[in-house]
Amino acid sequence: MTPVLEAVRLTKRYGRRLALSDCHLSVPPGRVVGLVGPNGAGKSTLLNLACGLIQPTSGAIRVLGAQPAADPAHLAKVGFVAQDTPVYADLSVAEHLRLGRSLNPAWDDALAQRWIARIGLDPGQRAGRLSGGQRAQLALTLAASKRPELLIFDEPAAALDPLSRSGFLDGLVELVADLGASAILSSHALADVERVCDYLVVLADSRIQVAGVITELLGNHFQLVADRDGLTEADLPAGVELVGPTHGPSHSTMLVRTLCGAPVTGPWHVRPPDLEELVLAYMTRSERPWTGSAPMTPEVH
Amino acid sequence: MLWLTWRQFRSQARIGLGAMLLLALYLAWLDHQVHSGYSDTLGHCSGHNSCVGPLAAFADHYSFPVDLLGYLLLAVPGVIGAFWGAPLISRELEAGTHRLVWNQSVTRRRWLAAKLGLVGLLSTGVTGCFSLLLTWAAGPVNTVLGNRFEPVVFGSRGLVPFAYAAFAFALGATLGLFLRRTVPAMGATLVAFAVLQILVATAVRPHYEAPVRTSVTLTSEMISNLSMIGTYGDIAGLHVPGGPWVVQTSPLLDANGHEVGHGAWYQDCTNNKSLTEMPKCLAAGNIHVVISEQPADRYWTFQWIEAAIYTVLSVLLAALSFWCIRRRLA
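Keeping their order, the protein sequence lines are chains A and B. Each residue of the first sequence is one higher than the one before, starting from 95 at the first, in this note's numbering. Each residue of the second sequence is one higher than the one before, starting from 241 at the first, in this note's numbering.
Keep in mind the hints are simulated off the structure, nothing from the lab. Where hints are given, some of them may not hold.
To give a feel for the contact side, a few chain A residues facing chain B, derived at Cβ under 8 Å [what the hints assert, rightly or not]:
(1) Thr96
(2) Pro166
(3) Ala170
(4) Asp178
(5) Pro180
(6) Val181
(7) Leu185
(8) Gly194
(9) Asn198
(10) Pro199
(11) Ile210
(12) Lys240
(13) Cys354
(14) Val364
Label pairs and their in silico Cβ distance ranges [to be verified]:
(15) A/Arg195 x B/Leu372: 55 to 63 Å
(16) A/Asp165 x B/Gly357: 16 to 24 Å
(17) B/Gly357 x A/Glu268: 52 to 60 Å
(18) B/Gly336 x A/Pro132: 45 to 53 Å
Since the structure is predicted, the reported quantities are computational estimates derived from the model, not experimental observations. Just so it is clear, CB atoms sit at the ideal spot from N, CA and C, and this is done for glycine as well.
When you get a sec, could you build the whole thing from the sequences and use the hints?
Written out as C-alpha cells, the structure is:
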C-alpha cells in the first residue's frame with residue numbers, strides 16, 4: 095500500500111534557520127495521524143511541505159505516492175486546513191461553497207450543504223463576521239467537501255474555546271470516517287491527539303523523534319520505577335533502549351523502549367506509560383545534548 | 241476561477257467602471273462641442289482670407305479641459321497599477337487566503353492566469369477607452385495646435401495608454417507578489433511607474449529614430465509663442481509649423497550662423513522694446529535656429545515603438561510572476 099506521506103532525508107531551511115532536518119517518515123494509509131511537538135518544532139513546515147505550499151531545501155516528500163500539488167488531479171486528492179483557518183472575509187458562507195464547487199471537480203455539494211446546516215451556519219453570513227469556531231468549521235467543510243483522500247489540518251483547534259474545540263474535533267472525526275480518508279493533524283494539545291488520533295508522530299528540534307501506531311507505542315514502551323538514584327542506564331538489559339529518565343523527590347523513573355516484552359527482572363518495578371509521559375520523554379530527549387549510546391551519569395550528592 | 245476572480249474584484253471594478261462611464265459621457269459631450277465648434281470656425285473664416293486667428297481662439301477655448309484630461313489620462317495607469325494591480329496578490333498573501341485557494345483543485349498558475357487575465361484586460365480596456373475617446377474629442381484642438389508630439393499629449397493619445405495600463409498593472413501585481421504587503425506594493429508601484437514614465441519621455445523616446453537636424457527661420461509669430469527668450473539668445477518652447485517634435489534647439493543665429501545673443505542689436509531688441517514690439521524687432525534681424533527634430537510623420541511609428549516597449553515589459557513582468565509563484569512562495 096502506498097504511504098499517504100513519505101519523507102526521505104527531508105530538510106527545509108529558512109535562511110540560516112533549520113526548520114526540518116533530515117526527516118525520515120512513512121505514514122501508512124487509513125490512519126488519523128497526530129503530529130505533536132513544541133511550538134517552533136517544524137510541524138507547520140512539515141504540513142506546508144506536504145500540501146505543496148513550500149518546497150523542500152533538500153530531500154524528498156511524497157504524498158499519496160506523488161509530489162505534492164503536482165497537478166490539479168493531485169490537488170483534488172488532498173484537503174488542507176491551514177493554521178488560523180483562513181477564509182475570505184468579504185465572501186459569504188454560500189459564496190465559499192460556490193468557490194469550492196467551481197474549483198473542485200469532485201465537489202460534494204450535498205455533503206457541504208448538509209454540514210453547513212448541521213453546524214448552523216447562515217449561508218448569507220459574511221465569513222469575516224463568523225466566530226473563530228464557525229470559521230474553522232467553514233474551512234473544514236470546504237476541505238472535506240472536495241472529497242479528498244487525505245485531509246491535513248495545521249493546528250486547527252489551537253485558537254478555539256473548549257466548546258467549539260470539542261465540536262470541531264467531533265466533526266473532524268465524523269467527516270474523516272465518512273470520506274474513508276486518511277488525516278494528519280498537528281497540535282500541541284495532547285488531549286486532542288489522544289481523543290482523535292490512532293497514529294503518533296513526535297516532532298521536536300526539527301527532527302522526527304518517534305512515529306508509530308499509538309497502541310503499539312504504548313505496548314512497547316515501559317516505565318521503570320526505582321528508588322531515587324538507584325537506577326542507571328548500565329543496569330538495563332540488552333535490547334532495551336532508554337528514552338528518558340525523570341527524577342522525582344523519592345523515585346526515579348526511566349521510560350524505555352523494547353521490542354521483546356517488559357524487562358521484568360531488575361531493581362525496579364514496571365508500569366505502562368501513558369501517552370503524555372511517552373511524548374514528554376521524547377520531547378525532553380531532543381532538548382538534551384545526549385546521544386543514544388552514551389551512558390547516563392547518575393547525579394552524585 | 242473566473243467567478244472567484246470577478247467576485248473578489250467586483251467592488252473595485254464597479255468604482256473604476258463607474259468613473260469611466262461618467263468620464264465617457266463627459267468626453268462624448270466634449271467631442272460634440274469641439275467638433276461643432278471646429279466646423280463652425282472653419283465655416284465662418286473660409287469667407288475671409290485667414291483662418292489663423294479664429295482657429296487659435298478656438299484651440300485656446302478648449303485647451304484647458306483637453307490639457308486637464310491629458311494629465312488625468314497620464315495618471316490613470318499609475319492609479320490602476322496601485323489600486324488594481326498591487327492588491328491583486330499581496331492582499332491574499334497578507335490575509336493568508338492564498339493557503340485556502342491554492343489547496344483547491346486548481347494549480348497556482350491557472351489561478352494567477354485568471355487573475356492577471358481578467359483584471360489586466362479590464363485595466364487595459366478602461367484606459368484604452370479613455371484614450372480613444374480623448375484622441376477623438378481633442379483631435380481638432382491638437383490639429384490646430386500641431387502639438388500631438390509633445391510629451392503630455394503623446395502619452396495621452398492613441399495606442400500608448402493601452403500599453404502603459406498593461407505595464408502598470410503587471411508592475412503592481414508583480415511588486416505585490418514580491419513585497420507581500422499591499423500598502424508598500426502600492427507605493428512602490430506609483431513611484432516606479434512615475435520614474436519610468438519620466439525617464440522614457442525625456443531620455444528614451446527621443447532616440448527611437450535618429451533625429452533630423454534642420455534650420456528654422458523664426459518669424460515674429462513663432463517668436464511671440466516662445467516660452468522663454470534668454471538674455472544671451474537662448475530660447476525654449478519653439479513650435480515649428482507642421483507639428484514636428486523639437487528635441488533640441490540651438491541659440492539664436494544670424495544669417496552667417498553666428499550667435500546673436502551678445503550683439504548690441506539683440507540687446508537693444510530685448511532690453512529697449514516693449515513685449516509686443518520685440519518679436520517684430522527680432523524677426524527683422526533675419527535670425528534662425530538649428531534644431532534637431534523628430535518629423536511629424538514619425539508620430540505613429542513612435543506610438544507603435546513605445547507601445548511595443550511597454551507591452552514587452554508587461555509580458556516580462558507577468559512571466560516573472562508566473563515563475564516566482566511556482567518556485568519561491570510559502
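Hint by hint, here is what the structure shows:
{"no.": "1", "hint": "Thr96", "in the structure": "20 Å, violated"}
{"no.": "2", "hint": "Pro166", "in the structure": "5 Å, holds"}
{"no.": "3", "hint": "Ala170", "in the structure": "4 Å, holds"}
{"no.": "4", "hint": "Asp178", "in the structure": "6 Å, holds"}
{"no.": "5", "hint": "Pro180", "in the structure": "4 Å, holds"}
{"no.": "6", "hint": "Val181", "in the structure": "6 Å, holds"}
{"no.": "7", "hint": "Leu185", "in the structure": "7 Å, holds"}
{"no.": "8", "hint": "Gly194", "in the structure": "7 Å, holds"}
{"no.": "9", "hint": "Asn198", "in the structure": "5 Å, holds"}
{"no.": "10", "hint": "Pro199", "in the structure": "6 Å, holds"}
{"no.": "11", "hint": "Ile210", "in the structure": "16 Å, violated"}
{"no.": "12", "hint": "Lys240", "in the structure": "6 Å, holds"}
{"no.": "13", "hint": "Cys354", "in the structure": "44 Å, violated"}
{"no.": "14", "hint": "Val364", "in the structure": "46 Å, violated"}
{"no.": "15", "hint": "A/Arg195 x B/Leu372: 55 to 63 Å", "in the structure": "39 Å, violated"}
{"no.": "16", "hint": "A/Asp165 x B/Gly357: 16 to 24 Å", "in the structure": "20 Å, holds"}
{"no.": "17", "hint": "B/Gly357 x A/Glu268: 52 to 60 Å", "in the structure": "40 Å, violated"}
{"no.": "18", "hint": "B/Gly336 x A/Pro132: 45 to 53 Å", "in the structure": "23 Å, violated"}
The structure fails hints 1, 11, 13, 14, 15, 17, 18 (numbered hints given earlier, in ascending order).
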